Amino acid sequence: MAPTQKNRLTSGGRIDRSKPLSFKFNNRKLQGYQGDTIASALLANDISTVNRSFKYHRRRGIMSAGVEETNALLTVSDGKGDVPVVRTTVRALVDDHQIKSPSGFPSVNFDLGRVLDFTHRLWTAGFYNKVFKWPNWHWYEGMVRRMAGLGNLPGGEDGNRYFHHNLHCDLLIVGAGPAGLAAALSSVTSGARVLLVEQDHELGGSLLANRALINAVDSDLWISRTRSALEEAVNVTVMTSSTVSGYYDHNVLTIIDRSTVGVKRFWKVRAKEVLLATGAIEQPLVFENNDRPGIMLAHAAMEYVNRYAVKPADVMVVVTNNDSAYQVAFTLYDNGVRVPAIVDARKNIANEIVQQANQRGIPIMSNSVILNTFGTSVLSSVRVGTLSDDGKSTVNPTDEIACQGLAISGGFNPSSDLYSQAGGNLQYAAELACFVPMQCRQRVTVAGAAQGKFSLAEALTEGACAGSEAANKAGFTCAPIDVTTSTTSSYNLKAVRITPAGDSSRKWVDFMADVTVADIELAVRENFVSVQHLKRYTTTGMSADQGKTSNLNALTLLAELTQKPIGEVGTTTFRPQFMPVPMGAIAGQRHGDFYTPARLLPAHDWHVRHGAVFENYGAWKRPEYYATNGRDRETAIREEVLALRRSAGLFDGSPLGKIELTGPDAGEFLNRIYVNNVLTLKPGRIRYGLMLSENGIIIDDGVFARLADDHYLVSTTSANADRIIAWLEEWHQCEWPDLEVIISTVTSQWGVTTIAGPNARVLLQGIESDIDFSAQALPHMSVATGTLLGVPARVQRVSYTGEMSFEINVPAIQSQRVIEALMNLGGNRIAPIGVEASLLLRTEKGYLHVGADTDGMTNALDVGFAGIVAKKQSDFVGRRSLLRADDQRKDRRQFVGVEPLNDNENLQSGAHFVTPQDEGRRSQGIVTSACFSPTLKRIIGLGLLERGFERKGETVTVFDDGRTFDVRITEPVFYDPSGEKMNA
Amino acid sequence: MLRLSCPWCGTRDELEFSFGGESHLTRPTLAASDAIWSDYLFNKENPKGIHFERWMHSYGCGRWFNVARDTVTHEIYAVYKMGLPKPDLD
Ligand SMILES: [Zn+2]
Numbered sequence: 001m002a003p004t005q006k007n008r009l010t011s012g013g014r015i016d017r018s019k020p021l022s023f024k025f026n027n028r029k030l031q032g033y034q035g036d037t038i039a040s041a042l043l044a045n046d047i048s049t050v051n052r053s054f055k056y057h058r059r060r061g062i063m064s065a066g067v068e069e070t071n072a073l074l075t076v077s078d079g080k081g082d083v084p085v086v087r088t089t090v091r092a093l094v095d096d097h098q099i100k101s102p103s104g105f106p107s108v109n110f111d112l113g114r115v116l117d118f119t120h121r122l123w124t125a126g127f128y129n130k131v132f133k134w135p136n137w138h139w140y141e142g143m144v145r146r147m148a149g150l151g152n153l154p155g156g157e158d159g160n161r162y163f164h165h166n167l168h169c170d171l172l173i174v175g176a177g178p179a180g181l182a183a184a185l186s187s188v189t190s191g192a193r194v195l196l197v198e199q200d201h202e203l204g205g206s207l208l209a210n211r212a213l214i215n216a217v218d219s220d221l222w223i224s225r226t227r228s229a230l231e232e233a234v235n236v237t238v239m240t241s242s243t244v245s246g247y248y249d250h251n252v253l254t255i256i257d258r259s260t261v262g263v264k265r266f267w268k269v270r271a272k273e274v275l276l277a278t279g280a281i282e283q284p285l286v287f288e289n290n291d292r293p294g295i296m297l298a299h300a301a302m303e304y305v306n307r308y309a310v311k312p313a314d315v316m317v318v319v320t321n322n323d324s325a326y327q328v329a330f331t332l333y334d335n336g337v338r339v340p341a342i343v344d345a346r347k348n349i350a351n352e353i354v355q356q357a358n359q360r361g362i363p364i365m366s367n368s369v370i371l372n373t374f375g376t377s378v379l380s381s382v383r384v385g386t387l388s389d390d391g392k393s394t395v396n397p398t399d400e401i402a403c404q405g406l407a408i409s410g411g412f413n414p415s416s417d418l419y420s421q422a423g424g425n426l427q428y429a430a431e432l433a434c435f436v437p438m439q440c441r442q443r444v445t446v447a448g449a450a451q452g453k454f455s456l457a458e459a460l461t462e463g464a465c466a467g468s469e470a471a472n473k474a475g476f477t478c479a480p481i482d483v484t485t486s487t488t489s490s491y492n493l494k495a496v497r498i499t500p501a502g503d504s505s506r507k508w509v510d511f512m513a514d515v516t517v518a519d520i521e522l523a524v525r526e527n528f529v530s531v532q533h534l535k536r537y538t539t540t541g542m543s544a545d546q547g548k549t550s551n552l553n554a555l556t557l558l559a560e561l562t563q564k565p566i567g568e569v570g571t572t573t574f575r576p577q578f579m580p581v582p583m584g585a586i587a588g589q590r591h592g593d594f595y596t597p598a599r600l601l602p603a604h605d606w607h608v609r610h611g612a613v614f615e616n617y618g619a620w621k622r623p624e625y626y627a628t629n630g631r632d633r634e635t636a637i638r639e640e641v642l643a644l645r646r647s648a649g650l651f652d653g654s655p656l657g658k659i660e661l662t663g664p665d666a667g668e669f670l671n672r673i674y675v676n677n678v679l680t681l682k683p684g685r686i687r688y689g690l691m692l693s694e695n696g697i698i699i700d701d702g703v704f705a706r707l708a709d710d711h712y713l714v715s716t717t718s719a720n721a722d723r724i725i726a727w728l729e730e731w732h733q734c735e736w737p738d739l740e741v742i743i744s745t746v747t748s749q750w751g752v753t754t755i756a757g758p759n760a761r762v763l764l765q766g767i768e769s770d771i772d773f774s775a776q777a778l779p780h781m782s783v784a785t786g787t788l789l790g791v792p793a794r795v796q797r798v799s800y801t802g803e804m805s806f807e808i809n810v811p812a813i814q815s816q817r818v819i820e821a822l823m824n825l826g827g828n829r830i831a832p833i834g835v836e837a838s839l840l841l842r843t844e845k846g847y848l849h850v851g852a853d854t855d856g857m858t859n860a861l862d863v864g865f866a867g868i869v870a871k872k873q874s875d876f877v878g879r880r881s882l883l884r885a886d887d888q889r890k891d892r893r894q895f896v897g898v899e900p901l902n903d904n905e906n907l908q909s910g911a912h913f914v915t916p917q918d919e920g921r922r923s924q925g926i927v928t929s930a931c932f933s934p935t936l937k938r939i940i941g942l943g944l945l946e947r948g949f950e951r952k953g954e955t956v957t958v959f960d961d962g963r964t965f966d967v968r969i970t971e972p973v974f975y976d977p978s979g980e981k982m983n984a
Numbered sequence: 001m002l003r004l005s006c007p008w009c010g011t012r013d014e015l016e017f018s019f020g021g022e023s024h025l026t027r028p029t030l031a032a033s034d035a036i037w038s039d040y041l042f043n044k045e046n047p048k049g050i051h052f053e054r055w056m057h058s059y060g061c062g063r064w065f066n067v068a069r070d071t072v073t074h075e076i077y078a079v080y081k082m083g084l085p086k087p088d089l090d
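As given, the protein sequences belong to chains V and W, one line each in that order. FYI, in the working numbering the residues of the first sequence are 1 to 984. FYI, in the working numbering the residues of the second sequence are 1 to 90.
Hints are supplied without guarantee of correctness; some may be wrong.
[Claimed, not checked] Computed spacing ranges between beta-carbons, pair by pair:
1) V/Ile586 to W/Arg12: 18 to 24 Å
2) W/Trp8 to V/Pro597: 25 to 31 Å
3) W/Tyr80 to V/Ala984: 54 to 60 Å
4) V/Thr488 to W/Tyr80: 54 to 60 Å
5) W/Trp8 to V/Ser693: 24 to 30 Å
6) W/Pro87 to V/Thr787: 49 to 55 Å
7) W/Trp8 to V/Thr484: 51 to 57 Å
8) W/Leu25 to V/Thr787: 45 to 51 Å
Hints listed in this document are in silico derivations from the structure and should not be mistaken for laboratory results. All values reported here derive from a predicted model rather than from experimental measurement. Heads up, the beta-carbon is just placed ideally off N, CA and C, and yes, glycines get one too.
Using the sequences and the hints given, assemble the complete structure.
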């Protein structure tokens, strides 16, 4: 035995004394054994204070041996960085673990924050809203954020790896305690695919803390035989160190699997049937100063002795309201702990139990409760009182009883988190003074302690029955196995958990959120009497433990204070996750390069070779500009614009959304979608159009071409391609299924290369093609199909720049070849154009950029489509909305051009048009696009302005970032208003 | 997470589908009053109980179809093709 492990027993337990592990706690070097949890190793080393409480910075010690732990949530480093809020009661100790107390300044043993405890009357429920009002919250925020909290976020890269998995099974059994194991054994022969999930690294549940005889053998042997039987069965999968964290609709459950070091797997399981054998959680008792280090749940104390060979203290008082804690007292006594008293709230205690206590010489103080506890750094004594006849007060306080530990048992509450997540209702079982599952809409059953069957015999037999029944319900045949125990256990709980005496502001209900009886009393006085309000106002049950040891006592108190039966007070709904799940596990592999798969242009390599600087535009990686000869961004964009205006530019427009519609009703269908008249469009011609939502709002713009009588090609903006195809499908399938039209998306089938500029035609005419590019054969807004460089091609005369422009569509795989051929041919006469230059060119031309120049309130009339709408006879999506008075208001925000009166003013998009000073500077709209035009050598912009159409030529004030200056309202088109260049 | 039975592809997980809101809407004509039009646009059924709604198998066949779902229990009472009338569920 290592000298440091003062509290370690010399024999027994499930630890491996041949495998010592060294670790550090707050930089103190300590030793534990393989098989320890971090908490059991700390206890073995007589570490009592492990943390400071959340609000009052009181000393806190280890209070449990399981997931319900509220205090020993520490910062743990295993060489992969610090992880905060680790439940050390369930985390296995490994060599070189660095454990730190997250709070306490300067240290956990000497914490200046204790001032909050001495002034605790200031920090009652709702104190955030009451105390921090003056001068304002931000004045306090820095201090509060430093003092509160459960640890610091780790810095740097997460060293763990995370994966997502899916699994299907016929029967999912959650929990491998006696009930879960009996259920799994019963279902083995059915052939059903059974998944048994246990959060501990060992199977056995409560049997690990308290051995018994099962089918006439020691439970250790029964567990190992059961494990072998389950592992041999091909239809059974056993997962350990895995927590079922969420229960969702249609029997989907999530599991966080920690069984592989350095890897966390997040499983999504779809189960035909679910059996919850999740056990129960022992509840604390509420008395004055019930939060001192040394006070621990009774069955946790037993688990430390039996499983980890650690005695929590040399002298321990046991306090209970039920029979189950007697076994704890006897176990402590039998392992060398002195037990000066068992304090029992009940008057009548079964004879055989009393006899067993007498044999050991342990005095029983019946009809008694703890009044108060004492101690400076650790517990040193307790005072006991007798319950009065009506149970509403106490009498005859005792002298202080010296002890360093206090084992408390308020009986058990079923672990119903998952059942509640599944939509199940709980009902209050008065004889057990706890909530038990009642009914659930999902295919789920509950067995064992999770159903309020707290004896081992019941857990085994009912587990076996539930296992076979669940397999039967999933469509398989089996019978329950025979499993019995000769170990008897009794319960006989008396529903007294709250000592009716003492300072209620020192009686803790929720250790983790630092909520006291006084907080709940105050909340009720202030009429927060709904359980939902109480929870939020006092924060009871809202910490990382989700109230596993506090909800029941809080509800009991609320019922008492409001004089209602507990069953009528109701419960709050549990939410996933049952235990905290790392964000990394939820992300899985979907981060970094895998977050969104990048879409590359078909000619990506060519752009790379030619100095393209890429930017993400939606999912696409596109050239933002070309850093030719090392030029900077601004220079590049300016030179690209000028090159196109002077001679020709080449723009890769492949991400453009492309949708083909074929069929006799294709035209009619599009006519119902577009604002424009589609039916008058002749084959070979193109039209620019708007699509509206039913509310009249512009959702997309673009051109549509009629390739043949019953064949249309629709172009959408790159960002909206997926949305528009879905939109068209929805209208066709749901509203007009009678129309004969087939809609297919061909966005990625065609590579798009646009050649624009005064020399565009000359260049194209040098390329091998059977298409006639002359102005007569292929005028602006027309389309030709043929071949180019021997491959099929569609060439559309459409322009986004205001120049003569040819949009060349070839099969995507040929796109790079076409670009190379055009660039080789063009030499100095052609330059590649990035997205930024392209956006600048369209601003010069005054073309709408939907989503930038329009917002969620811009309708078709606001961008000058009133004439087109008026001319069209038939209905289209959104048309009825345009008839509303509000849509036709004259003072709507309308699309205009804008230029500063003074050339030096830096007009920026986002600036507001404002009313004159004497009218109170109300916003009249916004500048939506603005740039320095390399072509015009001045600043221009576009915007949405109230009554904009009738204000062309007016001077309007613009407000931007605290400044105001004047601008002139213009037509949106700044470049080539007559369209001469474009139509050339 | 729901499990839906696409009438064309069979039973799949919810993440293959897109929700499309209330089904069986009648689109008013251009002659409809403002009141009727705004009712169509903005007022949707939101029952506690059976909701007739439309879904699309977006990561599958791409077809829209109707679902009768209980908004409280998420029980799926019926899945039927677009254009068919509401089924009688009594
Ligand atoms: Zn489908």
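Comparing the hints with the structure gives:
1. V/Ile586 to W/Arg12: 18 to 24 Å: holds, 22 Å
2. W/Trp8 to V/Pro597: 25 to 31 Å: holds, 27 Å
3. W/Tyr80 to V/Ala984: 54 to 60 Å: holds, 57 Å
4. V/Thr488 to W/Tyr80: 54 to 60 Å: Since V/Thr488 and W/Tyr80 have Cβ atoms about 58 Å apart, the given range 54 to 60 Å holds.
5. W/Trp8 to V/Ser693: 24 to 30 Å: holds, 28 Å
6. W/Pro87 to V/Thr787: 49 to 55 Å: holds, 54 Å
7. W/Trp8 to V/Thr484: 51 to 57 Å: holds, 53 Å
8. W/Leu25 to V/Thr787: 45 to 51 Å: At 47 Å between Cβs, range holds.
Every hint from the earlier list agrees with this structure, and none is contradicted.
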